[in-house]
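One letter stands for each residue in the lines below.
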Amino acid sequence: MKQGLTSGLVLLILGIICGLTLSVVNFLTAPIIMQNEQAKKYESLNDLGIEMSQYTITDSSLSGAIDTVYLLTPIDSQTNPIIRVYSVTTTGFSEGLNMMIAVDENMIVVAYVTVSHQESPGYGKDTLETHDFNMVGAVLPDTTQFEAKAKTTVTCDAVLLCFDLVAIQATLDFGGEN
Amino acid sequence: MAELIAIAFAAFFVENVLLTQFLGICSFIGVGKKRSSSLGMGLAVVVVIILSSVVTWIIYNFVMVPLEIEFMKTIVFILVIAALVQMIEIIIKRFSPSLYKALGIYLPLITTNCAVLGVALTNVKEGYNFSQMIVYATAIPLGYLFVMYIYAIIREKMEFSPIPKAFQGIPIAMVLAAILALIFSRFGGLA
Amino acid sequence: MTAKENFFKGFVKENPLFISALGMCPALAITKSIENAIGMGIAVLFVLVFSNLLVSLITMNPKIREKVMPVRIPVYIVLIASLVVIVEMVMEAFLPDLFETLGVFIPLIVVNCIIFGRAEAYAGDHKPLESVVDGAGMALGFTGAIMIISLIREVLGAGSITIWGNIKLDLTFIFDFLGIEPISMFLQPVGAFFTLGFILAAIAAIQNAKKNKTSKEVSK
Numbered sequence: 001m002k003q004g005l006t007s008g009l010v011l012l013i014l015g016i017i018c019g020l021t022l023s024v025v026n027f028l029t030a031p032i033i034m035q036n037e038q039a040k041k042y043e044s045l046n047d048l049g050i051e052m053s054q055y056t057i058t059d060s061s062l063s064g065a066i067d068t069v070y071l072l073t074p075i076d077s078q079t080n081p082i083i084r085v086y087s088v089t090t091t092g093f094s095e096g097l098n099m100m101i102a103v104d105e106n107m108i109v110v111a112y113v114t115v116s117h118q119e120s121p122g123y124g125k126d127t128l129e130t131h132d133f134n135m136v137g138a139v140l141p142d143t144t145q146f147e148a149k150a151k152t153t154v155t156c157d158a159v160l161l162c163f164d165l166v167a168i169q170a171t172l173d174f175g176g177e178n
Numbered sequence: 179m180a181e182l183i184a185i186a187f188a189a190f191f192v193e194n195v196l197l198t199q200f201l202g203i204c205s206f207i208g209v210g211k212k213r214s215s216s217l218g219m220g221l222a223v224v225v226v227i228i229l230s231s232v233v234t235w236i237i238y239n240f241v242m243v244p245l246e247i248e249f250m251k252t253i254v255f256i257l258v259i260a261a262l263v264q265m266i267e268i269i270i271k272r273f274s275p276s277l278y279k280a281l282g283i284y285l286p287l288i289t290t291n292c293a294v295l296g297v298a299l300t301n302v303k304e305g306y307n308f309s310q311m312i313v314y315a316t317a318i319p320l321g322y323l324f325v326m327y328i329y330a331i332i333r334e335k336m337e338f339s340p341i342p343k344a345f346q347g348i349p350i351a352m353v354l355a356a357i358l359a360l361i362f363s364r365f366g367g368l369a
Numbered sequence: 370m371t372a373k374e375n376f377f378k379g380f381v382k383e384n385p386l387f388i389s390a391l392g393m394c395p396a397l398a399i400t401k402s403i404e405n406a407i408g409m410g411i412a413v414l415f416v417l418v419f420s421n422l423l424v425s426l427i428t429m430n431p432k433i434r435e436k437v438m439p440v441r442i443p444v445y446i447v448l449i450a451s452l453v454v455i456v457e458m459v460m461e462a463f464l465p466d467l468f469e470t471l472g473v474f475i476p477l478i479v480v481n482c483i484i485f486g487r488a489e490a491y492a493g494d495h496k497p498l499e500s501v502v503d504g505a506g507m508a509l510g511f512t513g514a515i516m517i518i519s520l521i522r523e524v525l526g527a528g529s530i531t532i533w534g535n536i537k538l539d540l541t542f543i544f545d546f547l548g549i550e551p552i553s554m555f556l557q558p559v560g561a562f563f564t565l566g567f568i569l570a571a572i573a574a575i576q577n578a579k580k581n582k583t584s585k586e587v588s589k
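Residue numbers (the numbering used here), protein chains in the order written: chain P, 1 to 178; chain Y, 179 to 369; chain S, 370 to 589.
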């Protein structure tokens, strides 16, 4: 019995020491990790090819397929229109096809990019990485100029659905302002 | 439902735990010499992965997330797994000596099998819900069992083959694993 | 054994990966570029040196040793796991990209047989300084081994040598000269098994040759 008690005590002391050390390290590193994640979040905006230094960025969270809306307000409002960037997630062959779609106040698609996806290599993956869906310049909610790629119907449908969802949300967002 | 099937298929074939994720290689090379031992090890891994995944998932989502100590997950999970393996061993020994005879010697090896901790960590990293987690945690060890069994069959046959002296033992086992991995990598286009 | 021998034994004679075949999971999984191998090596070095140090400090005092010995396995697990979590957090904070590529294999250092094996087989009954030297030697031996595998896989598979971040040597001109593409198979799981298999075979061949030589000398 006494043996068991000492053993338990040893483990308890060790557990407390390790737990304390870890929380100290966590206290030091957690803010940096948060910062990295934040930077990464806005980094994906850079992939859109929009000059981010020209805008002030604010983001708001939504529930549903569109999880975040970034509102890009131009610093020089004379030359640049307001842009809303939508982060939208749909399901292709596997769950979690995440796209960023930028729409300006005239409902024109300015840019779009696939942020992450789980599509299979060789098919959906190649389509997302190399194929041009020809949507830049489209005036939402009209998506007739969308060009799908043969053999990857499911992936292309998921991409098209992204645009349709953004069209609905953008109509609500920009409609309220005009 | 379709999504669960997709998870199961990916976990079994495409992301096969041994041949693409490289988890549990030590046991694969070591125990996969004979069909009987590969079955025993495989079944023990199935039991332990399913149970440990359920327990760690519950602890993570209902204890660690509310307390905001997610960073402790590695240390908590490995302790849970070690304790669980001990408990399973005691229970099987008490209630089913014949099963203990079959699986008993493999149980202590499982604590250090990276597949168990790997699956527990993947469950929380991917943010699976309960049903997704169950499907994933069942398909992964079944894929382990499947590959290990095939592998053991081939290695039993290989015993009688004239293998160059330098390749005997682990090297030829690696080359064989490479060929199996080549076959399994072709499943990638299906999912 | 001198300190020097103690340090270098992990490099060749008792190399944890090539001779003892320990820690094969990370050696196969993360050896797609030398950068990954170096990152993994640093993580293993930190964990192994400190776990050996702490274990030998705990077991040095006979009184504490007596109390710890019956529960030494959970004690070692907790110690190693804590060190791994520290590495995990520091890496996530300061080297996020590398942390992302190494993924689950950083936390899996906990179940790496090398760490536990050294604690049990060496640090438990040696002095702290000796244990640290042993740990550093073993970890560097492991790093060297995974760097050799990565070198082969990266050069053949991607035609480049990535040492760290942007420090990168592009060798695609050799492939251009030969008129072939880099063999991407070497970056896939197949290449991992193949490379390790052939390295182990080469080592076995060398050992066999040595054995033959000595046995011949003896028979003479």
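Calculated directly from the structure, the hints in this document are not laboratory data. Because the structure is a prediction, the values reported are computed rather than measured. A couple of the hints might just be wrong.
[Claimed, not checked] Taking lysine-lysine and the DSS-like style, the derived pairs with C-alpha atoms no more than 27 Å apart in a straight line are:
id : chain 1 : residue 1 : chain 2 : residue 2
1  : S       : Lys373    : Y       : Lys343
2  : S       : Lys378    : S       : Lys537
3  : Y       : Lys211    : Y       : Lys343
4  : Y       : Lys343    : S       : Lys579
5  : S       : Lys382    : S       : Lys537
6  : P       : Lys125    : Y       : Lys343
7  : S       : Lys432    : S       : Lys378
8  : P       : Lys40     : Y       : Lys343
9  : P       : Lys40     : S       : Lys537
[To be verified] Simulated restraints, written as ranges between beta carbons of each label pair:
id : chain 1 : residue 1 : chain 2 : residue 2 : range
10 : S       : Ile552    : P       : Thr6      : 20 to 28 Å
11 : S       : Ile388    : P       : Phe146    : 24 to 32 Å
12 : S       : Phe546    : P       : Asp126    : 37 to 45 Å
We put the CB at the ideal spot given by N, CA and C, even for glycine.
Do the Cβ positions of Ile388/S and Phe146/P conform to the proposed distance bound of 24 to 32 Å? Check failed, 59 Å falls outside 24 to 32 Å.
Agreement of Lys432/S and Lys378/S with the hint, judged by alpha carbon distance not exceeding 27 Å: Status violated; Cα separation ~32 Å.
Indicate whether the distance between the beta carbons of Ile552/S and Thr6/P respects the range 20 to 28 Å. The hinted range 20 to 28 Å is violated for Ile552/S and Thr6/P, with Cβ atoms some 59 Å apart.
CA of Lys343/Y to CA of Lys579/S, is that 27 Å or under? holds, 14 Å
Between the alpha carbons of Lys382/S and Lys537/S, is the straight-line distance 27 Å or under? Violated, at about 31 Å.
For the pair we were handed, Lys40/P and Lys537/S, check the Cα-Cα distance against 27 Å. With a Cα-Cα distance of about 24 Å, the restraint between Lys40/P and Lys537/S holds, given a limit of 27 Å.
Given the hint that Lys125/P pairs with Lys343/Y, does the C-alpha gap stay at or below 27 Å? Violated, at about 43 Å.
Satisfaction of hint between Lys343/Y and Lys373/S, Cα-Cα up to 27 Å: With Cα atoms ~34 Å apart, Lys373/S and Lys343/Y exceed 27 Å; violated.
Holds or violated: Lys211/Y to Lys343/Y, with C-alpha atoms at most 27 Å apart: holds, 18 Å
Distance restraint between Lys40/P and Lys343/Y, which requires alpha-carbon spacing of 27 Å or less: Not satisfied, since the Cα-Cα distance of roughly 52 Å exceeds 27 Å.
Could you tell me whether the CB distance from Phe546/S to Asp126/P stays inside 37 to 45 Å? violated, 28 Å
Please verify whether Lys378/S and Lys537/S have alpha carbons no more than 27 Å apart. violated, 31 Å
Hint compliance for this structure: hints 1, 2, 5, 6, 7, 8, 10, 11 and 12 are broken, all remaining hints hold.
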